[in-house]
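Enquirer: Chain by chain, the residues run as shown.
There are 2 protein chains.
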Amino acid sequence: MSVHPAPVEAYVREHARRTLGELQDLLRIPSISTLPAHRADMDRALDFLEARLRDAGCEHIERLVSPRHPNGMPVLYADWLHAPGAPTVLFYGHYDVQPPDPLNEWLTPPFEPTVRDGNLVARGAADDKGQMYAHIKGVEALRAVSGKLPVNVRFLIEGEEEVGGETIEHVVRQQLGKLACDCVVVSDTAMFAPGMPSLDVGLRGMVYAEIEMRGAERDLHSGLYGGVAPNPFEALARVITGLKGQDGKILIPGFYDRVVPPAAAELAAWKRLPFSEQQYRQEEVRAPALTGETGYSVFERTWSRPTLDVHGMPGGFTGPGSKTVIPARASAKISMRLVPNQQPAEIYASFSEAVKKLTPTGLVSSVHLWNTADPIVVDTSNRFVRAGVEALKATFGGEPVFVRSGGSVPVVALFTTVLKAPVVMMGFGLPDDGLHSPNEKFAVENFYGGIRAVADFLQRLAPK
Amino acid sequence: MSVHPAPVEAYVREHARRTLGELQDLLRIPSISTLPAHRADMDRALDFLEARLRDAGCEHIERLVSPRHPNGMPVLYADWLHAPGAPTVLFYGHYDVQPPDPLNEWLTPPFEPTVRDGNLVARGAADDKGQMYAHIKGVEALRAVSGKLPVNVRFLIEGEEEVGGETIEHVVRQQLGKLACDCVVVSDTAMFAPGMPSLDVGLRGMVYAEIEMRGAERDLHSGLYGGVAPNPFEALARVITGLKGQDGKILIPGFYDRVVPPAAAELAAWKRLPFSEQQYRQEEVRAPALTGETGYSVFERTWSRPTLDVHGMPGGFTGPGSKTVIPARASAKISMRLVPNQQPAEIYASFSEAVKKLTPTGLVSSVHLWNTADPIVVDTSNRFVRAGVEALKATFGGEPVFVRSGGSVPVVALFTTVLKAPVVMMGFGLPDDGLHSPNEKFAVENFYGGIRAVADFLQRLAPK
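Taken in order, these protein sequences are the chains called A and B. Using the numbering used here, count along the first sequence one by one with no gaps and you end on 464. Using the numbering used here, count along the second sequence one by one with no gaps and you end on 464.
Derived from the structure by calculation, the hints contain no laboratory data. Take every hint as true, because none was put in to throw you off.
Just a sample of chain B residues kept apart from chain A, beta carbon distances all over 10 Å, derived: (1) E50; (2) Q175; (3) Q343; (4) S352; (5) A354; (6) F402; (7) P463.
DSBU-like cross-link-like pairs, simulated, lysine-lysine; straight-line CA separation at most 35 Å: (8) B:K356 to A:K357; (9) B:K357 to A:K357; (10) A:K356 to B:K249.
Even glycine gets a Cβ: it sits at the ideal position worked out from N, Cα and C.
Please model the complete structure; the sequences and the hints are all you need to start from.
Expert: And the structure:
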């Protein structure tokens, strides 16, 4: 069953080319929040989105900043509140993107969006510009064909998602009245498979830290001092192998103490998902072998088991060729993904303590916390989640499945705890979209599907 | 006893300001051989040295290149061969310098030479421009005051020392006739202490390699794939800890098999050297503790024991902030210092084999060899080494000591084996000169001392 599908369907079809062109314009703006040089691009992305929200009929368009972070990236707010007595839906998305490096692995430039094999290829195509823009276009379509919306709508589009910024949290806590809503829609996740629409009901949390290891006070020549000088990279290697065993087990004392395994029914449902581990390895992960804890399935290892990864080890000599330096210091960027009910603050404390204990004689380590996110599990029994299921079914066909995601969307925990609103995670992406990787893509078909699903979802929430 | 000291002494004093100014001009040229962008600076350094060699009375000035490395950095040749029947001395030095990074740790810019506390501070001040330039000025002084030289002299000044380039080897092998000599003088090492002139009679060899570790074919998001994706940094950490134990022992099978310990007399002489381990740690290494193999002295650990160091680990995300990437690949730049009679080719083969065995499931490693150097020990019984001892004693005062150096000067092995000439390693630097580090320095007094020692040395070789 779909609700009034024909007019929206026709509108989306009629405006397909313009809509895709607009998204391409947005993707051309390199709004990279981690690189200060792109500050002006952040503003350009905001200008663009303001204009499109206005086109969609939104009002009260405003750039919200936190007084505690005056130089933070503004959160874009807009609303349409002319459906008294009807529920209010808050759409969340983000306009910032990851850096595109390594640049040389892109087949086409990351900020020159290109349609290839039915996919729009660009940095941010799926994460999250394409999915966030589907919200705006879904509202636009519904309002265009009906002259109004069946429910009240708010938009909250942030610019620090990829950098773990705090502006969104401060803004949400400050503007509780302005953000009152009955549910939050987040589209920053992926479907389980093409043609298998999914609702995410679990997200892993995160602690992202950086260990700095300091040996001598200055860089030393490895010929003259090799044999006596402490080597920060060697020390970091010992810390890393001390934090995580070859069997994938994290060796930080107490690390697993609070881990709550999924219910038997949830584990059983995961077993029914169509999945070939061999195909997943060969076509998606594309690695010689999968790694991780023995005794746990791929779904458990990526959705319901915590893990630890090293992302980069700055310091020393990294150019081509050889330089015989024992660097004074080196770092390791390390993150841990957390699952219910691990607590980031507690895990960070245990991690810091473990690093201290593992630091070899001759060196001093310090740990810097970059950011954290709470792990969450969503209650699936409310009407908004059910409306999401129906909208996805009507739009994409196939019975939607409840899955989890290994990634972290810190705001989902924020909305859950501060706005007290259920979060409906309708992801329009696909598992191989290559978020944060070269050649990130978003299926053009899923972009249009996302627009139709948003319009359908809102219609289902209209008061009877 | 010094030989005809007065005129040379007076000349050096009279021309002190000009001489130091010339060295500063040379140090202003950022002739960094590891960075292709500095190619034009290499040419400027060559132009400068050609002019100064001509001023010193040299002839046959020529830039030698290897047909096998047409884009290699030329080796500068010059000679003065008007002392028939007298020995021929070949002076070796290099005009290339290390990159100056980390730039922010320099108190004054690395290529704006500054005299501070009696030291000339600049990249290359001691390694090797200042020491090499003392050769040229020593020859100039002696010729200026005598109208001629008592021996024949050749200069060979290369531009790929810091990059481990092969041009010098090819040039030496091709130009055997042109380079015929009775001894080679190399000043690219340090005195044991201020006022304690030293002759280096041992150098460690080296194998410098880079391990590339490849996991998935593309960068992956650590949220979505953390728990199954192979992590190249984690794998490198396991390889590094598998190559070297926490006790400093290198765990590569067979690694120590050919190591020849120093003779009992040599070890006994090292014990007599004035040395405070605590002071060395606090004032020179400046680290919380010294590291390395237990049961060996600092001299043994840095001069006669092999070791292994990590210099940099390129790959992944190294910018400020957090990026949740599991990189497709990462590298580790690793060098091993070798001692007599370890063989670089054999060690490299064992290292590669060990890396292969230590590579965890899910990843593929490959090893690239950047460069090697043979370890050497010099015979101290010939007249050139004895003349060196006398020249240092006359110039710097104090009884010269025979020491070794932990560093590698690959050409020393080349001269020994190809030119069959004894190598006299007269170092004018000091142990805390900070080679390859920020704020590299060369004592101005040692620069002038080097000039006088070179002139003195040549006079001692005059036929009776």
